[in-house]
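So the protein lines, in turn, are chains A and B.
Using our numbering, read the first sequence as starting at 23 and increasing by one per residue.
Using our numbering, read the second sequence as starting at 13 and increasing by one per residue.
Bear in mind the hints are in silico, worked out from the structure with no lab data behind them.
Heads up, some of the hints might be wrong.
Claimed, not checked - Taking lysine-lysine and the DSS-like style, the derived pairs with C-alpha atoms no more than 30 Å apart in a straight line are:
no., chain 1, residue 1, chain 2, residue 2
1, A, K319, B, K562
2, A, K319, A, K369
3, B, K170, B, K26
4, A, K220, B, K611
5, A, K215, B, K562
Stated by the list, open to error - Which bits of chain B does chain A cover? Going by a derived footprint, with three or more residues having C-beta under 8 Å, they are:
no., segment
6, 120–133
7, 167–175
Heads up, the beta-carbon is just placed ideally off N, CA and C, and yes, glycines get one too.
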Amino acid sequence: MEISVSKQDLLKELTATQGVVERKTTIPILSNFLFEAAGDKLSITATDLDLSLRTNCPAKIKKEGSCTIPARKLYDYVKLLGDGEISIKLLENHWVQIRSGRSNTKMVGMARANFPALPLFPAESAIKLPAQVIRNLIAKTIFSISSEESRYTLNGALLVLKPESITMVATDGHRLAHVEHVNSKLPVSGEMKVLVPKKAMSELSSLLSSLLNSSDVQVVEFAKDESTLFFRLGSRILTSRQLTGQFPNYEAVLPRDNNKSVTIHCDEFSGAIQRVAQFADERSNAIRMRLEKDELKVSTSNTEIGESEDSIETSYNGDPMVIGFNSQYLLEFLKVVGTGDVRFEFKDAQSAGQLRPDEATDSEYKYRYIVMPMRI
Amino acid sequence: MGRIHVLSEHVANKIAAGEVVERPASVLKELLENSLDAGATRIKVQIEGGGKKLIHVVDNGCGMVRDDALLAFERHATSKIKDAEDLLNIDTLGFRGEALPSIAAVSRVSLETRAADEDSGTVMEIAGGRILKVEESGLPAGTSIAVRDLFFNTPARKKFLKAESTELSHIASLMTHYALAHPEKHFELHSATNAMLMAAPVQSHSERIYQVFGKETLDQLIPLSADARLERVGIPEPPPWRRDEEYQSPEPGAIRIHGFISRPEIQKLNRNSIFIFVNGRLVRDRLIQHALTEAYRNILPPTVYPVVLLFIELPNQEVDANVHPAKTEVRFRQPSFVHDFVRDSVRATLVKARPVPQFTREITALPTAAPGFSPGTLMQPASAEFQLHSQPQPPINERLQFSAAPAIPIEANAAISGFGSVPAPVFDRAVIAANNDPCGNLVVEDGEEIPENMALSTLRPLGQIRDSFILAVNADGLWIIDQHVAHERVLFEKVLRERSRAAVEGQRLLMPLLVELTPGQQAVFAEISEELRHNGFDAELFGARTIAVKTAPAGVQSAEIEKMLLELLDQFQREEQVLNLEKARTRIAASIACHAAIKINMPLEQNKMEWLLAELAKTECPMTCPHGRPVVLRYSVKDIQRAFKRI
Numbered sequence: 023m024e025i026s027v028s029k030q031d032l033l034k035e036l037t038a039t040q041g042v043v044e045r046k047t048t049i050p051i052l053s054n055f056l057f058e059a060a061g062d063k064l065s066i067t068a069t070d071l072d073l074s075l076r077t078n079c080p081a082k083i084k085k086e087g088s089c090t091i092p093a094r095k096l097y098d099y100v101k102l103l104g105d106g107e108i109s110i111k112l113l114e115n116h117w118v119q120i121r122s123g124r125s126n127t128k129m130v131g132m133a134r135a136n137f138p139a140l141p142l143f144p145a146e147s148a149i150k151l152p153a154q155v156i157r158n159l160i161a162k163t164i165f166s167i168s169s170e171e172s173r174y175t176l177n178g179a180l181l182v183l184k185p186e187s188i189t190m191v192a193t194d195g196h197r198l199a200h201v202e203h204v205n206s207k208l209p210v211s212g213e214m215k216v217l218v219p220k221k222a223m224s225e226l227s228s229l230l231s232s233l234l235n236s237s238d239v240q241v242v243e244f245a246k247d248e249s250t251l252f253f254r255l256g257s258r259i260l261t262s263r264q265l266t267g268q269f270p271n272y273e274a275v276l277p278r279d280n281n282k283s284v285t286i287h288c289d290e291f292s293g294a295i296q297r298v299a300q301f302a303d304e305r306s307n308a309i310r311m312r313l314e315k316d317e318l319k320v321s322t323s324n325t326e327i328g329e330s331e332d333s334i335e336t337s338y339n340g341d342p343m344v345i346g347f348n349s350q351y352l353l354e355f356l357k358v359v360g361t362g363d364v365r366f367e368f369k370d371a372q373s374a375g376q377l378r379p380d381e382a383t384d385s386e387y388k389y390r391y392i393v394m395p396m397r398i
Numbered sequence: 013m014g015r016i017h018v019l020s021e022h023v024a025n026k027i028a029a030g031e032v033v034e035r036p037a038s039v040l041k042e043l044l045e046n047s048l049d050a051g052a053t054r055i056k057v058q059i060e061g062g063g064k065k066l067i068h069v070v071d072n073g074c075g076m077v078r079d080d081a082l083l084a085f086e087r088h089a090t091s092k093i094k095d096a097e098d099l100l101n102i103d104t105l106g107f108r109g110e111a112l113p114s115i116a117a118v119s120r121v122s123l124e125t126r127a128a129d130e131d132s133g134t135v136m137e138i139a140g141g142r143i144l145k146v147e148e149s150g151l152p153a154g155t156s157i158a159v160r161d162l163f164f165n166t167p168a169r170k171k172f173l174k175a176e177s178t179e180l181s182h183i184a185s186l187m188t189h190y191a192l193a194h195p196e197k198h199f200e201l202h203s204a205t206n207a208m209l210m211a212a213p214v215q216s217h218s219e220r221i222y223q224v225f226g227k228e229t230l231d232q233l234i235p236l237s238a239d240a241r242l243e244r245v246g247i248p249e250p251p252p253w254r255r256d257e258e259y260q261s262p263e264p265g266a267i268r269i270h271g272f273i274s275r276p277e278i279q280k281l282n283r284n285s286i287f288i289f290v291n292g293r294l295v296r297d298r299l300i301q302h303a304l305t306e307a308y309r310n311i312l313p314p315t316v317y318p319v320v321l322l323f324i325e326l327p328n329q330e331v332d333a334n335v336h337p338a339k340t341e342v343r344f345r346q347p348s349f350v351h352d353f354v355r356d357s358v359r360a361t362l363v364k365a366r367p368v369p370q371f372t373r374e375i376t377a378l379p380t381a382a383p384g385f386s387p388g389t390l391m392q393p394a395s396a397e398f399q400l401h402s403q404p405q406p407p408i409n410e411r412l413q414f415s416a417a418p419a420i421p422i423e424a425n426a427a428i429s430g431f432g433s434v435p436a437p438v439f440d441r442a443v444i445a446a447n448n449d450p451c452g453n454l455v456v457e458d459g460e461e462i463p464e465n466m467a468l469s470t471l472r473p474l475g476q477i478r479d480s481f482i483l484a485v486n487a488d489g490l491w492i493i494d495q496h497v498a499h500e501r502v503l504f505e506k507v508l509r510e511r512s513r514a515a516v517e518g519q520r521l522l523m524p525l526l527v528e529l530t531p532g533q534q535a536v537f538a539e540i541s542e543e544l545r546h547n548g549f550d551a552e553l554f555g556a557r558t559i560a561v562k563t564a565p566a567g568v569q570s571a572e573i574e575k576m577l578l579e580l581l582d583q584f585q586r587e588e589q590v591l592n593l594e595k596a597r598t599r600i601a602a603s604i605a606c607h608a609a610i611k612i613n614m615p616l617e618q619n620k621m622e623w624l625l626a627e628l629a630k631t632e633c634p635m636t637c638p639h640g641r642p643v644v645l646r647y648s649v650k651d652i653q654r655a656f657k658r659i
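The shape of chain B in the complex, shown without the other chains (with noise of 0.2 Å):
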């Protein structure tokens, strides 16, 4: 007898289901994106143990007829593509036909649905891929569907869940993710024991973030937008003689982003804060990340994340979402105009607003103190959580940060009841609409504000704390400034500005400096010496592992010198990616900028601080260092009367 068999279509299912299904998020996501791509605009979630117990989902969609309702759950059945050729055009979430097949066959399913148009609806249950009831029934028009007891007929899996708290953290961020993405539409999310998300239909995602995650988050992000016409590389067109009589040339149609990122002093110590979506559906997409990551490259340590929610907008066919069953990863026709355009967006973004952090900020961007922007964190059981920020600040805080003390308990507040159980807060659309700016963001506006970088350059040295911070004053508060970092990056720009004129000035040593390199570094070294000879380092190599060090950048003191070559050489090794030569450069004008510049707990004369004031104001983006720490930090007038209790 032959040993190969062709297996059941209920061993088929549970496979497929391994690949579809692998926590109660995921069975709550193939549900939501079912409710979407039914145009339902009111959907409601009721979720108990976890998600584990029952996930009911609820929706005001188109419905499905009896025939209909019972051809979804069998295999690749699906109203969404007919042939192969939908497959380059998917305008829908889902198109696999792969859902609800693998959701039935390892729970227990109870199906409530009436098309809009029939006078009744029909009533189905499914437990462990069977169907065990159909009825006709009266029914309000939409899709009700509740998964009970998920993995109840494969122990393994289920075994491999987690706690409950942790599986409904997870169905919620999913939640928050999907309610995001439409702003336009009535999200609600129940547990057992209370409601966590209410969002009502809002005109805008700027109103949608408030909603979900309150004032202070917004306040905090910087709104996006930016379009660009795609060319088309993909798919060469037919050659003129094989082209139709009425043959046109596709139109190539054009990429848009928007959304929103973070202010560089919000640090995430993980990815959990970057949301993108590509045409409405959420990803994670190694591709975007790496272009935030070097967007925000000089801006912000190479360790920490900002908090960035995107909404990239493309033609279908420019996007291939089919590449795995739970459709997290995308394919882009064009990967690297992509990337180069998310790039550039968000770095230009940043660099318009200039963003100065302030104390107050700077004390919530601590990640004990921000719960606004991990939903799950709020999962937990929340009145422990909440107490622990209500509890008072370690003195050194309290002396840092000079706002009114109930600062934190506010921020913990305003998290609560923008996405907990009370009732949304009444939202004043007035002054959102009349801040509205064209692209329908929300322009956060200060009338006092001078531009920072004109507030910079109208700043008065006072003196020094202890020869490492520069305090200054100007019409718009009190300022300090970090004296090492500042003039990091005023040599950073300076160096690469020369770089660019192939002008930096090396100064040749006396004696060669020899550096013995690790293998790995050597070849590192092989690869960017030429870059590093134009940034002023002449290099050779001078036996097997060493190489002679015989000009250095003018400025970096020779004892300097080796230390920064080997952590130049270092960084680059670590770096997975292929070494692009604009990343090389900035890297090296980084590292002598940071070697060169002026050290902490150095005295500084008066005229010497007014300099670096002044140079300070000229850069580019005086906020942050080349390493993406913060130069400058701010404490507004209003800030200190408020400080005073005078307003």
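Just chain A, same shape as in the assembly (with noise of 0.2 Å):
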């Protein structure tokens, strides 16, 4: 192999990649890169055997072959080296030859074979989506995906497609985020279900926002088969182990007779949990809600740290009610809507609690957040 490509072009790939190299890296061949070069594109491969990611760059190829590189050294490499043309060449025993301008580097690959055969693109198979909904929809729930190793099923999100629409609902046992945009037209028939694992997501929403600032492509071509999830992003294909196993039911605890509810504004909100929460216990973040007539008052106490309370003027005018959350689950919701207001509906201190946004400012997606109660 010995190709020719400008380094501008080959360190925008680099870092694409960079979130998929294995780091801890207990399979040797999975710190490295698969390049490959045919025609007039050099493709880059980088893998941790769950997620991969395969993009390519243009090229002037002399000569067509693969070879592998050390990923992390090469990126730091291309990063301190000038601008303009680099070329790579294979030398005997997978030593791979860099140069560019005044600078000569050899590294040390391995041999082509180890790298583990990836999943091709089911291209007729494949549902497009638009980017910018996907994107959104990571964003409204991936925080509530337990980081919980052993529960497996909810170490990722719940992707829905229906023809009109497309859901996304994540969960860790205590709250669970529930999105779902409207408005779609999607050809699939029926419903289809996946499970989408948190690494995957969190890659695939980096990619996204890359994809929107730089190109005028605004979807994302998905597709699946038994095992795999395929997202492509322009030339970038992401590819994800999908997730087995029985996704909570979770139209069950979506909370239905919640008949009492404030609104608020999100700032105001989050500023009072925020100011609170300082004294609450450092390993529950347990707040205290006080809802009495035209007034929510947020409080804590803590016999070892003190105590404080906040109160936002609200026009409550339901039954007085104290009821208990983690400040943690409140916090990371309010940050993901940002601004606006909020509405906050109870039943009891026992029962779910369900947050949304106020219908008025995001009419095309349908956000909803349930939190359950602590007791306190």
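Two chains, two separate frames, one set of hints: put the complex together.
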């Protein structure tokens, strides 16, 4: 293999793949890139077996072929090179020579044959999804995904595709984020449900932002086979192992009879919680919310740290009640919502509370966040 | 002809012998108790063939006149009690009048005795219960009794005796117990080849421990002393109209316990190092043992045992030794009071001592490296045993053990010199006297040491080893803290505190977690569900043998909930005792703490480590985790200097 590629092009693609390359490597080959040169393209592949990214950039191919190069070292090296053409040439014994201007480096690669084979993108069954929507769905749910490795099916979000809507649901057993985008028209029949692992979601999200910023392609092509999910964004293909297993029956936990509600301005609410939560227990982050007429009081009291209370003016006129929550759970939601009003709906101190942005501000997305109270 | 006939006395004695005389050590026990009851201050014992050939006890007690000597071998002949009333108030070790005839029935006994105020003594020889010879003779005051050929006429019994070395070790440990119980008396134990125990009279129990076990052991023990007045609950007083004129309410008396308990880093695999003396009598009492286990709960892991020397003194009416012929069991009139008193005193002493494990102690606390506590093992062909100890340690130990390399051989030597054939070491009484506290207990003081809780709060974390152990320093030296158990201890006390204020925080679950139980677990669940609820668990029965957990303690990850619940239920199920609420509470707290605590292999930032150490310093018992493992190890500056040969 012998090619020449511009530094800018190469670096852009290498940067995009960094998130996928295995850091704590157990299998040495996984910390390498696979470089394949064919036609007028250099394709670059990185994988950690669960997640893989295949991307390409234009290159002048003098001799077709393939090689593997240590990913981290190459990336760090290329960053330091001056602008201009970089020539890459495979030498004997898997050594790879990289030359640019007056710099000359030989890196020790590994045998091409060792690099795991990746499933091919099944172009014919692909569904086009709006990129911006997917990005929003991910942002609105990813924080609720459980980080406990043992609860396997909660380590990802459920993506539900219907002809008229796209839904994403994530939960960790204490709270649940549910967001539905209506007004989409998808070429699916019936309903299609897949579990997307968290790492794939965050990788997809960052690829989507660079895609939306840099090109005018506004769709992501999605496909799957029995075990793998594929996302194609322009010239990049992200493949992820599919999570298998039963996602909890989330519909059963969506509260239906929350008869009390209060509307609060997001900034005001999150400011109050942040202040009060300073005095919450470090482990449970519990805060107490007291609803009284025209007033919501957020408070904590801790015999070891102190106590704190914030009061927010609201138009509540139901029965007074007290309910405890993990402040962290509320803050994460409010941070995603950002601005505008949120509606907080309750039934009693034992039942799930529901938060949602006020309908007027965001009509395209139906976003609801269920959070279980704490007994304090 | 009728089938029933009265057994001859000969046979009856043999039957009684079966109860009283089980092995050579039980013969020695009876003889020692006789000597002690006779007021002897010097007792010398000579053993041959593991006691099978000869047990020879010589004392300087009150001795017997000729008639008494003859009577002593009759059944139920005793000088110790007169009537049934006396049974309620026994202050001698023996009282049944069965020992001597039982022993005489199964061995050849020769007795030489002279009462102090008689001119001449008596020599008797008895074999298999028959008196062969009674003679007058000039003898020193006191009694000398030699038991030869034990079980010579009951071959079946003889077969059941263990190897000579085993029997000898039983004898040695028995002798050790009595020596410990009576520091003011002189004890000697000789086997055919060497002197196994030489203990000159000393002032206090601690000095006796030094004589018997050596300095290392003494250093590892914490003195304990407590007393309390007994409130009489046993016998109701007669009503006023039936009282005599000169009737006086009985004085309830007081219970006093003193002795020594080990620091938690000493862990024994069996109860053989627990010595309990009730009014000077060695007993194996389940009640007291249970109290000790309770006291060490959350300090020692469940399957290991501490070293305990406990002397319980209480009025004779309060304790009944007449439970079993061997008298190793006693009954207390107020068992729960005694139990709680022992538990609380031991617990309080432990907490006060706040023992800090040290590296060298950790090493020597390994079962193979601490011969000091098990005098029995010294009776093995000794040379082989000690060669084992002096062999170079495996490399891993060498690295762990920073202190001077010969630490272990030195300890072995100390054990020999304390116990073995060499004359008792010169004991610097002046030093001891200077350190004696008012209770007569030895206080081991180290001038440099800062109180441990203060020491902890001055710790500055340096970093982690393998993301699991925090290294920290202060003026005191180098400390290593196990981050998981440290956090566990912090959380444990927090959960208990919250529980006592009924303010445990629970996080409700989005979807109830279904847990399937076995019938046994379910029974336990029914019993403790209320307590679980107070600890942040809300669970209800859901179908036949399934529970639905709706709320879990805050901070416990959902994946841990099921594991933790099942673990708890299993623990309670294994417990044979009736559930007691306080125990359930601490156990649940320990379990919550364990599952909520940070794990090992978790990188911590500097401020997190600082936070953890500060929190740990605030805890009540920062040195051991609720399951009894040590939390911190300390390597003092002195140890470091010593290891670098600077001092």
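Results for each hint:
The suggested pairing of K319/A with K562/B holds, with an alpha-carbon distance near 26 Å, which does not exceed 30 Å. At roughly 17 Å between alpha-carbon atoms, K319/A and K369/A fall within 30 Å of each other, so this suggested pair holds. Between K170/B and K26/B the alpha-carbon distance is near 13 Å, which keeps this suggested pair within the 30 Å criterion. For the hint linking K220/A to K611/B, the alpha-carbon distance of about 23 Å falls within 30 Å, and the restraint holds.
Using a Cα cut-off of 30 Å, the hinted pair K215/A and K562/B holds, with the two alpha carbons roughly 28 Å apart. Under the rule that three or more residues need a Cβ within less than 8 Å of chain A, the assignment of the segment 120–133 of chain B is violated, with 0 such residues. With 0 residues bearing a CB less than 8 Å from a CB of chain A, the segment 167–175 of chain B misses the requirement of three and the coverage assertion fails.
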